[in-house]
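Sequence order for the protein chains is X and U. With our numbering, the residue at position 421 of the first sequence is 711, and numbering never jumps. With our numbering, the residue at position 1348 of the second sequence is 2211, and numbering never jumps.
The set of hints was computed from the structure by calculation and includes no laboratory data. All figures in this text were calculated on a predicted structure; none of them were measured in a lab. Hints may contain errors.
With a straight-line cut-off of 27 Å between C-alpha atoms, the simulated DSSO-like cross-links for lysine-lysine are [stated by the list, open to error]:
no. : chain 1 : residue 1 : chain 2 : residue 2
1   : X       : Lys422    : U       : Lys1297
2   : U       : Lys1119   : X       : Lys514
3   : X       : Lys422    : X       : Lys514
4   : U       : Lys1807   : U       : Lys1477
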Amino acid sequence: MEHTLDKGLQNGLAFFYLLVALLNFGFAAYWYGVKKLAAAAIWAAVGALFLIHCVGYFAHLGWSLPFGIREAVDQATGPVVYTMLSIVGFIVLLVFRRFFVQPNIAWALLQLSLLIGGWAMTDPNFRDIVAKEDNVPITMLIYSVGFFTWAALYRAVQNDDRIARGEPVLEKVEDEKVLVWPDLVYTELIAMIIATFVLVIWAVLLKAPLEQPATSAKAPNPSKAPWYFLGLQEMLVYYDPWMAGVVLPTMIVIGLMAIPYIDFNRQGNGYYSFAERKFAVSIFLFGFVVLWVTLIVLGTFLRGPNWNFFGPFEYWDPHKVLPLNNVNLSQLFWLNMLHMPLDDFKVRFGNFLGPIIRELPGIIVVLLYLFALPPLLARTVMRPFFVRMGFVRFILLVTLIQFMAALPLKMLLRWTLNLKYIVAIPEIFFNI
Amino acid sequence: MAATDQTYRKQKTLDIVFAVSCILMLLSTFWMFWQDYDRQFKHVQRDFRDVEEAMNEHQMIAQLPSKEEVEAKRKAIADAKQTYESEHDKLRPRERELMALHDRKDNEYRGIKADFDSKMSLYNIAVEHVGKETNADLKKAPQKEADDLRKELFDPQTGLQKQLTDAQDALDKIDQQIKKDVTQPLDGPQQAVNQAEDNLKKLTASFDRLAKVTSQKRWKFGDLFRTLPILDAFESPTKIKQLWLPDLTIDYGGFKDVPRYDRCISCHLGIERGSFDHATLTRLTRTPDIISADINKAQARKKELESKDGSEEDIKRVDNTIQKLEKERDRANGMKARLDQARDILMARKNAGENLGFDPSDLPDKVKWLNMTPGQITQYAAHPRLDLFVDANSPHSMEKFGCTICHQGQGSATDFLLSAHTPADARQEEEWHKEYGWAHSHYWDFPMLSSRFTESSCLKCHHEVTDLIRHGSKEEAPKLLRGYNLVRENGCFGCHEISAFKAGREVGPDLRLEPQPALEYLTPSEQDKAKSDPLNLPGAYRKVGPSLRRIAEKTNQDWVRKWIQSPRGFRPDTKMPHFFGLSNNSKEALPEEQQKFPDAEIAGIAYYLMAESKGNLESDTTKKDNARKVLESRIADLQKVLKGDLLQDRDWKELTDACRRLADLGLMSVPAQANEINHLLTRQRQLQDRMQELRKREAALKAKPEAEELSADENKELSQAGGELDKVTKDLIDAGQITPLAKRITDEEGKTVDVPKKGDAAKGRKLFTEKGCMACHSHEGTTKAGDGVGVVQGEANFGPNLSRLAAKIAPEIAAKGELEEAKRRWIVQWVLNPTIYHPRTRMPITHLSPEDAGNVAEWLLSQRVTDWEDKGPEEPKAMDLVSLARLYLGKAPGFTRLDVENFLPPNTGELPGIPDDRLGNLPPDSDERKLNGPIKDDAEGQAKLKWYIGRKAINRLGCFGCHDVPGFETAKPIGTALNDWGKKDADRIAFEDADIFIRDNYNVVPVRNNPDDKSKPAADWHAKDGKQPYEKLYAEAVNHHRREGFLHQKLVEPRSFDFHRIRTWDDRLRMPQFRFARTTRHKNESDEAFHARQEFEEAEAREAVMTFILGLVAEPMPLKYLNRPAPDRLAEVKGHQVLEKFNCSGCHQIRPGVYEFKTSDEGLTFLQEAYKSSSSSFKKDHVFPGHNAWVGAPQTSADRLTVFGTHPKMDDTSYEDRRMLVVRLTDALRFTGTDRVTRNLPAASVVPIIPESLTVRADPWGGTFTELMTGYMKPREADPDKARSMLPPPLIREGERVQPNWLYGFLLNPPPVRPTNYMMLRMPKFNMSSEDARALVNYFSGVSRLTNPGSGVTSEYVDVHQHDEAYWQARTREYIKRLKGDKKYDERVKQMEPVWQDALKRQIAEAEAGLDAAKQAVKDAPEGEPRKQKQQDVDAREANIKKWKEELDKKNYDRLRKHWDEKGAYASDAYRLVTDRNLCLQCHSVGDVSAALPQGPNLDLTAQRLRPEWVRQWIANPDRLFGYKPAMPQNFPNDSLEYQNVFLGRPLDQVTAVRDVLMALPRVADMPGNRSRAPVAAGGTK
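Taking the hints into account, I'd like the entire structure generated from these sequences.
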């Protein structure tokens, strides 16, 4: 294992910190320009901090993240922590959105991530994975999704305030008509040219990472789906392929198509707003950011050989074996609670009925979830929805949400009860 | 907001943004093009054109003719032309006159011809008209026209045709006149001009060609333009070059096989250009400045040496270097001048009007020097073996084979890194890292083979492996061959299957164990069955270790334990690997509770071996070896059932199987009884079959409604068969029983002999030294003076080193006080007939007498071992045995942990053991049965545990892979199959923590070989801090999980992959540690130097083994790529394997050495000298044209000569102070001298070769022992050739010499050929199968046909004409004619008269002797016709006798003379030659008539043994046909006419006559006249 940083890396880091420092100085200059001296001073100081990093690396002092911290981070992380953090972070973001949309806070978060990212790059294992050519888009994804989420919330909060004050929303204020030529087409042309330029440069600088030729005899380890499907692949940990690979994606597509028909809220159209569309925005962001994007990030950076979870600084050792002692619901019910052998069902009820009776507890749970829950919701917490949407639209909405919730629920069951399947009938490849 | 004309953004800003983005895009596009232009191979190709330019230029300059010569030649041309012109001028008036005439006549002729043609066409039209017209009237006009025209044309006097011929004749006449008057006189001058022009061409042709190339191939503007970025997309001179190999597909792991594209030649541009060799390319970089710098360096070095008192030799060497460099500098400095001169010459020629075909002003005006790194030089260099590879005419042309099929790597890549280059060593790796940023690529599964393993790939197509040897001794892939031999010798195939076939296709070499028992012990039909499937032939390799079936008769437990613990401790160069004391089972490596296990296990193994072999040797049935006991009792049980009832199918199968196995056991123990055992087994099978059949019938009858019974006859048959079956089974058991040595010692013929009493050690040593033991064994005892026997420093290690034998031979089985006797008994038996002890041994029967064997035994046992005091493993404690047995029992099928606790609780004292009721569930041959309780805490109880542990350990360690171990006859090899290991997926190899193990336990050294002398270790290659050296390349390979890294470490320390792992005792890795090199210590070598050398040699040997294993890739190649030798070559290839199997080359020289060297004027001068001295013998010689001993084969390449010869030695004295390599030719050498005369240096000439010019040196194959003995015999016989004649003969030309039938018989059972009292030793009888013998016979015939097509060996079989009556008649006719022609006929007849008289007398005497018997026959015959006939016979005899007596009285020999005239004269005179006391009889006996001093073979053997052609050539000139100067003289030299009164004819006729007699010897000697001429037995006068 490498313990020292080579010169090329240090120069690179120095360059990176220089850029970040300049960024901060620029930001400070902006605040100075608008006469907010305190902010200007703070950001200048932050810039200086980065500059120190820059100088240190240019001088090849070889600073690197202490091993203790790396170990601690590796120890602390795991799929549970990761997912919980992402959900909690999501909720905190929505609840304290007013805090987060302040430019200074957002900027501070960005700087923090850049600082930590820079430190983390001193670890060879982290570097190996993050710097892989085909993982670069994921890093870009993190920042771009972060930025756009922030930008949307920023506008939404502003609009909410305006609505509260009775002012027209920003979109209304800025509603200017522009000419197709030159305002639209010309800009589009420029955008196209710049996109081409960026792609060419990207292709030249980060060459396509060729690996060995495909063979049927040997699968790469880890075998990963294309990056945009890594969320789906993560689902495979918790669900059978027919569920994670067929049913859930189908539901996602149907759900996305169904949105316009389900949406009964006439407010919040054509402008950013959170207060007017709390439910819709939260559900969508949860589905997209938490259940899709964070899982992609998890799948890209933290899932290693054998689809095991690896801490960000951990070596991807293919020999690592994690305990897998998950049990099915039937086992929990019959064996652990009632002390009845599972093999007995087939003997007593035959090959067809046996498995079904064995899995009855799970089947009942699933049926309850799918069919008893919606009426219950309609009568209780979601009564206003039911009233406003009507039966069909309500059932559709609830079913879609149920399917969406199925993933975190199953995760929860796995982490708490080691539950493998709720219904497990391997005889006909039917597992839930 | 309403639409306005106002734009949203400022138009100007947008314009600027647009402009900037456009520029950026343009730049990015340029960058993209640049990236393409910047591709690595394009740089390489652009650089290469400089190399080409420089190469052409330098070559052109090298060919520069001297200016003066060119001038002279040109002047000659000019002169010749002038002469021609002046001659011409003289003739010009006449020429002009004649030409005018000619032109005039020509015009005339043309005019007539035009007329004729026109008229002819008109005539044809008219004739056509006539033909077409049907109206007779209308026909008339055209008819008339036609008639007129015809007249005009063909009128004999005035017709146009006549005019035409006349004109033609006139013209011809003038032409002739011109020729005579003008052209002919000018012929001479014209020829002179042509000649002069030719002369110039000869001088300058190659220079002109190169100059043309140089000027034309210079890089011109057009070329530059085409390679500019972007433009190079269209028809660029730089482009990817590739080879398409649709048949040599790449297998991407189970997908479709994909055609191979090799683009290596995109960068390796000079690969097929012979002139781009490494040295020449290097020279292109040696500018005068660089050379000067080198000179300065060398001078500095010299000064340093001088100031530090360096040795004179070193200083001289530096001086030499300086001189060389100075020469080189002068040459380099002179280049510019020579270039200018070249331009001058060419310009002058051009100006003189010569058409050069190019413009000399295009030539460069500067000498081009290149700046290339060593890497670039290699990149551009030609393949080093263009004779074998790449070149279109070579056997492996580039177009057919490509590159990656041999070298591996990614052929489709055009980038240094992506094509997966692999460095040769750590130094190169570092260079590459610097130069190209090289790093291990994990993405291509088959990276290029490091140059050290390139030979591996040969195995893909050369499945026989020995087909990589050319001329018998030149190894084309020496490393691979060495690896192959090491794998063979060390018996890797005992544990690892190396099979030739995969999915029905031949994919590699076949090294598999032979079946047990060996095929040759089975019945012929069983053998045929085993060989019936050509895709699954039985293996052919014997287990490499000795049989342990009778080990108790050889040694004892104590020794065996010490041996198993450390074989190399006892015998440093043994092949037996180490199983204990390794990295995973040495005391330090084991956890506390396992530390006693090694000793306990060793004790167990030793006990098991002894117990089982002892059982074999005692007839007490309770003590028999377990396997036999189990089988016998099972057979008895089942046969008992069969006697009473029908056997169930399963039992029936078990019975037949058990019988077969019992017989097999017998065949493996006492193959001498094979016939009997096979017979008994067949009989047993028949009886059992019949009984089972009857039982079935009985059952069928009983099943009927009214149950019937067998008939009385059948019942009787059943009971009889039952009785006989008992007897047969008992006989079978007895026949397969080993007879202990104490009861019987068997000699070579199978007869019982007495064990000799105490022998004479001194005699024993002499016998050991002389009788051939040292061809395979060595013994330190022979290196010490004493015993009145010469000192011999033998280094043979084909068989074990016997120095410490005395400590090993101590039979366990010997009774008290009888030990010495038992020891002697074993050795005597081993020497007399080793197959008794070890049926599959390769040790031959030595033909020693029992007394001699006793003497050898005495000496061997008297060599006390003083330098070996191994303590050996400790005696295991009861508790250790129990713990180990518990471990094994816990893993036995059907036993649980609880059982283990119950049966073998971890206590000392009495253990319950396995109770009887559990035994019932175990299979009959279960090992656990031995643990039947109770197990007491005494010797017997421990014996049970030891037996159990020993058996389990043997099973785990796979001892039976090399040894025949009783009880493991059907065990399967334990190792992983190797036949596709070479492409094993590295991901499937468990590297574990080997990298850390290496880091911690070895001294990692950058490179192994000394860069200046690759055959020596590098300076830092030695142990450091007790850590052995380890090459960095392999440490890296382990780090990067490359298969060669794993393999290397597996061979270095096979168990190291257990490092840091927690393993139970029996789960630890099992592969033992081999040492392949078997390095022996040199005299006076220090410990340190020895160990360093040992490690170095071991590393090289290991690499050889790796080369072989990495080549086992099991890639099926298309048939057309497989090397399928022609029959003769195949015979050579296969025979080579057999020769090596039996170490024939230990005694015999089998093939001459091969020496290939580049010719130079100096070298040729030496050859001419050799020819001069050799030619003194030519007068005496008979020359056999076409035979390669006299006439050399044409040389295959123009610039070098290949010499075949023996006895190479460096000669410092004879050749003008030059050190020369001197070789005695075995084949004639044809060479063209400096004077362009082609000469033949016949065989037996001595040829000097300049050592520096050698390109190939492969020394003769075999004869080590012979050479050893010639040294040993020096005190007795100073002449080495004479000494050699008493030693095993060379087998060079053996195929030409002997008849295959005879050789076959001889190999299987060799009788003495030469007089035993003259020869030092006798050919032993090898334990060889008939197939081996046949392979050898075919080998020798095949070799002769291949190497000497003129030898007359056209097939394996021989047709001996001398056996035909007609042959003799023809010869006699010729001979009588010759006698009469020479007027010697009457004289001969006169000479013959006494002979005839004697013959007649003899005839009469013989007839009379037979008369009495005939008369008696008449009396005995019954009355009637028979008696009459007998009486007639008697009458005839009497009449004959009467007639002959009359003839004798009258001295009338007409009848005999007539016979002599027709059939006898030739034979009779020839026979006189043979029996002349001055000739053959001096050294050879003929039949019963013995020579005065017999040295050669009895000539009676000749007719059966030798080929007629060879005998003739041999008698004609023995010298030419032998590896050394034979003792046989040339009796009939070509320049003398001796023995004319004995046999009339030229010497060669005499030779032929002698040959004819020899080829028909018993017959000719029995001819009437010759019997009287038989030489007096012994002691005749000369």
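Which constraints among the numbered hints does this structure fail? Numbers only, ascending. none
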